[in-house]
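Undergrad: Sequence:
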Amino acid sequence: SEPSRHAAVASITVDGWEPSEFGTTLDSAFDIACRTGLHCSPEACQALGAFPGGTVRFSPGYWTTPDEIDRAIEAIRELARSPLTMTS
Numbered sequence: 026s027e028p029s030r031h032a033a034v035a036s037i038t039v040d041g042w043e044p045s046e047f048g049t050t051l052d053s054a055f056d057i058a059c060r061t062g063l064h065c066s067p068e069a070c071q072a073l074g075a076f077p078g079g080t081v082r083f084s085p086g087y088w089t090t091p092d093e094i095d096r097a098i099e100a101i102r103e104l105a106r107s108p109l110t111m112t113s
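For the sequence shown, counting from 1, position 75 maps to 100 in this note's numbering; every step adds exactly one.
These are calculated hints, taken from the structure and not from any lab test. For each residue, glycine too, the CB sits at the ideal point set by N, CA and C. It is possible that some hints are incorrect.
Cβ-Cβ distance ranges computed for the label pairs, FRET-style [what the hints assert, rightly or not]:
1) T49 <-> E99: 16 to 22 angstroms
2) A105 <-> F76: 16 to 22 angstroms
3) D40 <-> H64: 29 to 35 angstroms
4) R102 <-> E27: 26 to 32 angstroms
5) E93 <-> P28: 17 to 23 angstroms
6) R102 <-> R60: 18 to 24 angstroms
7) G41 <-> A72: 18 to 24 angstroms
8) S53 <-> T90: 18 to 24 angstroms
9) E68 <-> E103: 31 to 37 angstroms
Please take these sequences and the hints and turn them into a complete structure.
TA: Okay, structure coming up:
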């Protein structure tokens, strides 16, 4: 496959947000797909300080466009500026 079309998987946490709520909001408000949780790696999440909530994971595919990635980044920035107040 074409190396210029490869993208890394990215996992994030956002201060003021539980990963599950962040992912749900990305989906419902921005139509951005992501996965949340421990991703079958609770030990890795624990080592990263993301336990028990886990992370928000993005895995762009071959058909993901640069514009879609830019839109996801802007949505993340927007949500990060207005943290959810009900985090645990």
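Undergrad: The structure should be examined with respect to each hint, and the outcome stated for every one.
TA: Quick rundown of the hints versus the structure:
1. T49 <-> E99: 16 to 22 angstroms: holds, 18 angstroms
2. A105 <-> F76: 16 to 22 angstroms: The hint (16 to 22 angstroms, Cβ to Cβ) holds, given that A105 and F76 are roughly 21 angstroms apart.
3. D40 <-> H64: 29 to 35 angstroms: Given about 20 angstroms between the Cβ atoms, the range is violated.
4. R102 <-> E27: 26 to 32 angstroms: holds, 29 angstroms
5. E93 <-> P28: 17 to 23 angstroms: The hinted range 17 to 23 angstroms holds for E93 and P28, with Cβ atoms some 19 angstroms apart.
6. R102 <-> R60: 18 to 24 angstroms: holds, 20 angstroms
7. G41 <-> A72: 18 to 24 angstroms: holds, 22 angstroms
8. S53 <-> T90: 18 to 24 angstroms: Given about 22 angstroms between the Cβ atoms, the range holds.
9. E68 <-> E103: 31 to 37 angstroms: holds, 32 angstroms
In summary, the one numbered hint that this structure violates is 3.
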